[in-house]
Amino acid sequence: MATTSSSASSSRSLPRRAAIVGANRIPFARSNGAYARASNQDMLTAALDGLVARFGMAGEHVGEVVSGAVLKKSSDFNLTREAVLGSRLAAATPTYDVQQACGTSLQTTLLIANKIALGQIEVGIAAGVDTTSDAPIEVNEGLRSVLLAANRAKSTAGILKALSGLRPGQIVPEIPANREPRTGMSMGEHAAQTAAAWQISRRAQDEIAAASHQNLAKAYDRGFFDDLVTPYLGLTKDNNLRADSTVEGLAKLKPVFKPAGYPDTEATMTAANSTPLTDGAATVLLASDEWAAERGLPVLAHFVDAETSAVDYVHGGEGLLMAPAYAVPRMLERNGLTLQDFDFYEFHEAFASTILATFAAWEDPIFCKEKLGRDEPLGSIDRSKLNVVGSSLATGHPFAATGARIVPTLAKLLHEKGSGRGLISICAAGGQGVVAILEA
Amino acid sequence: MSNDWYSDFVNSSFGKSIAGSVGLPPVPRLRRYEPGQPLLSGPALLGTATADGRVAKVVRSLLTDLGIEVHDDPNAPVGGGSSSSKVAAGIVDATGLSGPMDLAEVQAFLTPVMRRIGPSGRVLVIGDVPAEAAAPAVRAARRALEGLVRSAAKEARYGATVNLVHVADGAENDVESTLRFFLSSRSAFVHGQRLDVGTVPGFSGSSQHVDWDKPLAGRTAVVTGASSGIGAAAAATLRRDGATVICVDVPASGDALARTANDIGGSALQLDITADHAADTLLEHARRHGGLDVVVHNAGITRDKLLANQDRDRWNSVIAVNLESQLKINDALLSSDVFHRGGRIVTVSSMAGIAGNRGQTSYGASKAGVIGMVDATAPLLVEKDATINAVAPGFIETDMTKAMPVGTREAGRRLSSMTQGGLPVDVAETIAWFAQGASYAVNGQFLRVDCQNYLGA
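So the sequence lines, in the order shown, correspond to chains A and B. Its first residue numbered 10, the first sequence is counted upward by one per residue in the working numbering. Its first residue numbered 5, the second sequence is counted upward by one per residue in the working numbering.
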């Protein structure tokens, strides 16, 4: 199979490209902190209202708002619609909800971008929100069975019989856990295995983490987020940010997640080189060039292409968070690009080891040959172009909001540079991944 | 209910009965502007002090065109009533004074006016500009009007205001927006003040074809410090008058800023106005709306310290926000075609910049500085048919004054000629009037919105 030389394929012949016009998010907050009492709907509404204010869209009708949350109460079945009705957008704005774990709001961006590209809408808002503080708590499965049986019963006697199945232990509720249902392992345990498989060092992970914090702090200082973030509930910046992070300082933290199946490998992952649980919401305004021009609004960048992939992490021997390693080469191929043809790389830092394992795989001739079917490895990237204004390790990672944080970040970087191309990569629970290309 | 418990009390029926018998000072309820409100709520008395009066006929045609009952004789029966019936306004054209002797004519007209002026009535004295007279007797008479007006203002009751407008020679047909402002309830908290019209030569503009209910229709305005207080009120008032408003505040106030912007269908721009790129960012944002017509420099900070305890950083931060940022933005406006011909710059000064305030050397310096900026910038704007003016608020009921110690707050409220604090909208009304295209002859002015606050005397 050819590696990189094919020209732009015919699949790129969409009628037009969607423009990223702007964005708004609320600062991300560490779990059970500043937003402990804010619901998904509260946060999404606030993020939408900030976007509406930034672009003077109060009362305006938008083609579509698409959003989602990973941790979602059943009463939030129409989360996005409820948020829009509570926002300053016109009530006639249609919505729907999407959930693809950590890939949610890159996927919602893709959905909006595609409808714009096809001319089905002129403007739309992609968004995502998550709270780990105001998490849904469900009744115990045993209690649920009893209550449903009682509900089905036709007579008083039947109801009483069903209720006789109640047991004290059923009072314990089900609280959502950061755990893969099919393996019973936490995401951290999975990531530790991948890090061990690719022999990712503790120091390399800490370097990624320290750079993320330092880059985010510098970006705040230069006002980079002035038109991307609106304060919420007293928070003006992501409160996970530690501007004084250094590799030496992070080296003192105690590692966790001893990798299962790698008896000779020490634990390398720490609270600093793994993302913390976080609350937050993010939105992106996408439109046709015409829509933006009519309003005198800037086009920060265009949405070029995207790819979604999944790996068999249950039986296939692949790492849980390695799907982007497969998605990116397919997308590059389709667009006639090499891994080196980018000015910025925005890689979601689920764990520092995740992106390092992905880079290692792309540099590895065996992986590229056996897993990707390539004669040559994809090669390495210029690390000075990676997450130049920080990423999830510093900002935090409200699962469904991360894509809608990254898309405008990259779009603005490209706009500042004047022209160029950027690559986005987000891994997601369930062995999935979403990747995308933006151009200015 | 306001947070002014004293005003609420003396205006209650029980409070009124007590206040009258024990001599508590009354707190008049001021008539404030609402869209569609008539210019005056009743008849007007219009006098002329000399045969050379230049302005009375302009005033008369304005009032009669609006269907307002006008009488020349200050003792005339009005509205089918008697010679003591209340009037909504008493206006005297005191231009053309030849010396102090002529002042008696002004007194003769105003004495009955002061007895007859109704609640929230308007007493307006119109004079010549003193500096335009070379002869000592003439200039003395012209200058005397200011002392008369400022004193009469301290005698007026029930929310009536007394103000003085100087009309430059040749500007008598350029006063309509000014007359409308001082006669209407837009000037509810402007009292005992003086304003000059037409004193910066070379102005041009027109009051023809103005929609006086939407005098800012089609104009785009920027308000800095718009997240709360006077800035938020200014944004809302400019919107009410028809403008599209860009609301600016520091990123840390962005949530309140977004609410202000969304409430009025404007846009929010989070921007530190002291940043090097501030002017560029502002102009770039304004391009969305096809350019900029009105800039309101309202953003300001206080870092109060006695001068004996002052330090450089604290000092510099106040000067940078309150003064230097405005100078830089004005420079950028002057050299950019984004700022339209006929543009308006309005800056917010303070009574602390006029009279000084203990602990506010830096704030007072910055707020006096903007008045100097207005003086020097006004002639530079003439070639763009633009203007710059300053408003100097006195004690205004905002979050800032709510946080004051009770004693200081009560003194701030009661020690004014209206025995109350103003509202943010009172300052906003003055800003919106300066911003009107029809205010083209009002340039290089500062107007206090403080009802003669004694703290700022």
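Just so you know, the hints here were simulated from the structure itself, not pulled from any lab data. There may be inaccurate statements among the hints.
Unchecked claim - The list that follows gives simulated cross-link-like pairs (lysine-lysine, DSSO-like), each with its CA atoms no further than 27 Å apart:
| id | chain 1 | residue 1 | chain 2 | residue 2 |
| --- | --- | --- | --- | --- |
| 1 | A | K246 | A | K261 |
| 2 | A | K227 | B | K406 |
| 3 | B | K309 | B | K406 |
| 4 | B | K406 | A | K426 |
| 5 | A | K163 | A | K124 |
| 6 | A | K81 | A | K246 |
Subject >> Which numbered hints fail >> reply: 2, 4 and 5
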